[in-house]
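These protein sequences, in sequence, are chains Y and S. Take the first sequence: its position 82, counted from the start at 1, is 81 in numbering that gives the first Met the number 0, and no numbers get skipped. Take the second sequence: its position 432, counted from the start at 1, is 431 in numbering that gives the first Met the number 0, and no numbers get skipped.
Worth flagging that the hints you see were computed from the coordinates, not collected in a lab. We put the CB at the ideal spot given by N, CA and C, even for glycine. Any given hint could be a false lead.
Okay, derived cross-link-like pairs now, BS3-like style, lysine-lysine, Cα gap no bigger than 27 Å in a straight line [as the list claims (entries may be wrong)]:
no., chain 1, residue 1, chain 2, residue 2
1, S, K488, Y, K139
2, Y, K185, S, K464
3, Y, K203, S, K494
4, S, K524, Y, K198
5, S, K464, Y, K154
6, S, K210, Y, K175
7, Y, K139, S, K494
8, S, K427, Y, K100
9, S, K427, Y, K196
10, Y, K15, S, K210
11, Y, K185, Y, K114
Cβ-Cβ distance ranges computed for the label pairs, FRET-style [said to hold, decoys possible]:
no., chain 1, residue 1, chain 2, residue 2, range
12, S, Y418, Y, D18, 52 to 60 Å
13, Y, V209, S, D470, 32 to 40 Å
14, Y, T201, S, D242, 41 to 49 Å
15, Y, G193, S, E500, 22 to 30 Å
16, S, M550, Y, V209, 21 to 29 Å
17, Y, E90, S, E104, 39 to 47 Å
18, S, Y457, Y, A181, 21 to 29 Å
19, S, K524, Y, A181, 29 to 37 Å
20, S, S378, Y, T201, 14 to 22 Å
21, S, E235, Y, P57, 34 to 42 Å
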Amino acid sequence: MADHLAMRRNVASLLKGIDRYNPENLGTLERYVELQAKENTYDLEANLAVLKLYQFNPMYFQLNVTAQILLKALTNLPHTDFVLCKCLIGEAHQQEDQIVKILHLHDLLETCQFKTFWSEITGNPEMIMGIQGFPDSVRKYICHVVGITYQMIDKDVLAELLGDLSHEDLKQWMTKYGWSEAGDNKVFIANQEGNVKSKNITEKIDFDSVAGIMAAAAAH
Amino acid sequence: MYMQSEEFVEGNAYDTYAAYGSQSHGYNQEEEYGLHSGDPRQDLAYERQYEHQTPTYILPEVIKNFIQYFHKCINEGNLYEINNCYENNFNKLTERFFKNSPWPEAEFVLPHVGNDPLFLILYKELYYRHIYAKVTGGPTQEQRFESYYNYCNLFNYILNVDLPVPLELPNQWLWDIIDEFIYQFQSFSQYRSKLMKKTDDEINVLRLSPKIWNVHSVLNVLHSLVDKSNINQQLEVYAIEGDPDSVAGEFGSHPLYKMLGYFSLIGLLRLHSLLGDYYQGIKVLENIELNKKSVYSRVPACQITTYYYVGFAYMMMRRYQDAIRSFANILLYIQRTKQMFQTKSYQYDMIMKMNDQMYNLLAISLTLHPMRIDESVHSQLREKCADKMLKMQKGDRQVFEDTISFACPKFISPVVPNYDAPKNNYHKEPFMLQLKVFMEEVSQQIMVPTIRSFLKLYTTMPISKLATFLDMSEDDFRNALLCFKHKMKNVVWTKGSSGLEGEFQSASEVDFYIDLDMIHIADTKVARRYGDFFIRQIHKFEELNRSLVKMGPSSKQ
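Isolated chain Y, as found in the complex (with noise of 0.2 Å):
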């Protein structure tokens, strides 16, 4: 761990002003890419500073690296990292086949199609290989998304959401989040009644806005 904050820091030094654009960085910060996928640790800067430096230098385009950024992205889901990847990996390069498994993926995730996305993890696994943590970093989106969904969730329903889990390992993240069991196979998550309420709402008009108004109309 603490290897990584010094290289934290030294990327950071790197991307200052125009060094950022500087190729000779190039092997620091695909080096660091590779760091964060074995230490599951995460710096979109860093990771888009070295997109780009592929996009100004073609000649030094890596498949693999770029593949790695992009399986990062997927893990801070549900922020939009992979689209701002996306969009400065030219089209050539996400014509290839390990980029058009990943981009679907993507699509999966962001359109929750869960159970099809587990499936195809589970009968392609060498494709998140090297991405340590990548499964619960998803498991992490996926809770995020039935916590504002989901009041009620019946146990296999989440159980087959979250990759088919044993009941064991589903217990874990219910404790994680605070979700209760509800008895006959039920979990609750949260009172949404409360959040999720018809409204009407009708317009103030507070007396100072219209106090100069009736002033300078007593006036005349």
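Take the given structure of chain Y and dock chain S to it, following the hints.
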């Protein structure tokens, strides 16, 4: 610093170009040398005469007087008069004499201003800018190169010094310099990428001049201006209501450097956006409070450009609330200050175009993320884009594509094309990429407006039933509901100066939650606001009344 600042001016390329020039103009060297008199000015006039096959150019009296007066004002640092010459006289004379043709070449102007090299640079800045904007056919390849060298000379003059230069120019001009510098870079990048219709000669010159309008040079200029002026430090101190002069340093306290530094930040926002790096675009503005009422710069074109690119960046980042707020604010600003722009030609056209583009971007953003906006902006929006918005709400992808194609920036590539194997439509590739990313986002959200319209009809409904209404399987519908919630939760700026900061919020008027197999829907009905509008109109009327009274005792109330 990995790039030396001396590298602004590229000596080698000059020689390449001179060689090209003599080839294309078919100089007959013998004859030309034979008729040289030895007096440089006469010879210059003679060369021009020979070259252009027209009689020696004589500057019209009114132009000559203007040039000399302009020169005098700049030398004296008379900001008010410089501004007058720059904003009014120059444009009036352009209208009258040079509507679609270039101003006199710098060589003809030079003798009338005592061969002042600085004035020459400033004059050329205007000269080339006018060619880009108004001359039929635009600039030739040679003119593009020469304009670049002129900018190099200008920035060398300003930056390659130990002490601040004794030059003062109006803020409008300083903004226009940065704005035009980036515009010409953008124009050249596009020009360079269109190889199909060029002659071999033209392509060869391009191939031999990789440093012309190089992206690194442009970045270097902008970053140097930012660094030299300490503008970021100044803005930080300004934000906490301290005294910027305390951190400005020798150069930064000088208005020329300070404002060029500030405008360079906006320039970087624009440059990064043109290259598809929206994160970096917003990041460079992190010390500028975009939501503050008071503004650092009073140049309208600067404000408008800022919010156009900020709004666009937010939109691509799926921060629709922030995008909508940016667009609505600046569109209101334009509505209120429109009268100011009438006389200023280039600015007016550009501002009106951006105005239209922003209405279109607002239309897209509001379709994807409906929310309340200012009433006067909303009515203008309905006037311009009601039809489009209706079609987009119904999921018409083509309308999304057409709208964003019209409204988006002219994206460019930082890389030179392959001169040996030119690709057709290489210049369109950067745009196609951004379009693709955007349309993929649209595809992911295509069901959202339809689901929203169905949700508005009910308060409670079994999921299976609503799924059948929408002709979807229950599984697919549940996914779509999750997707709706996910897409409607944007990162929204709440506080601090950095535009990148924010919290996840949902401003959806139609909201719901799922309880096992039931969906519970809430609709927020917002009554129309009229108070603000009436108060504003009453004040305006009062003003009008007061000025009528002032006009004469006979005016009735």
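These are the hints, each one checked on the structure:
| no. | hint | in the structure |
| --- | --- | --- |
| 1 | S:K488 - Y:K139 | 16 Å, holds |
| 2 | Y:K185 - S:K464 | 22 Å, holds |
| 3 | Y:K203 - S:K494 | 25 Å, holds |
| 4 | S:K524 - Y:K198 | 6 Å, holds |
| 5 | S:K464 - Y:K154 | 22 Å, holds |
| 6 | S:K210 - Y:K175 | 56 Å, violated |
| 7 | Y:K139 - S:K494 | 26 Å, holds |
| 8 | S:K427 - Y:K100 | 26 Å, holds |
| 9 | S:K427 - Y:K196 | 48 Å, violated |
| 10 | Y:K15 - S:K210 | 24 Å, holds |
| 11 | Y:K185 - Y:K114 | 19 Å, holds |
| 12 | S:Y418 - Y:D18: 52 to 60 Å | 30 Å, violated |
| 13 | Y:V209 - S:D470: 32 to 40 Å | 52 Å, violated |
| 14 | Y:T201 - S:D242: 41 to 49 Å | 45 Å, holds |
| 15 | Y:G193 - S:E500: 22 to 30 Å | 27 Å, holds |
| 16 | S:M550 - Y:V209: 21 to 29 Å | 28 Å, holds |
| 17 | Y:E90 - S:E104: 39 to 47 Å | 43 Å, holds |
| 18 | S:Y457 - Y:A181: 21 to 29 Å | 25 Å, holds |
| 19 | S:K524 - Y:A181: 29 to 37 Å | 32 Å, holds |
| 20 | S:S378 - Y:T201: 14 to 22 Å | 21 Å, holds |
| 21 | S:E235 - Y:P57: 34 to 42 Å | 37 Å, holds |
Comparing the model with each numbered hint stated earlier shows that hints 6, 9, 12 and 13 do not hold.
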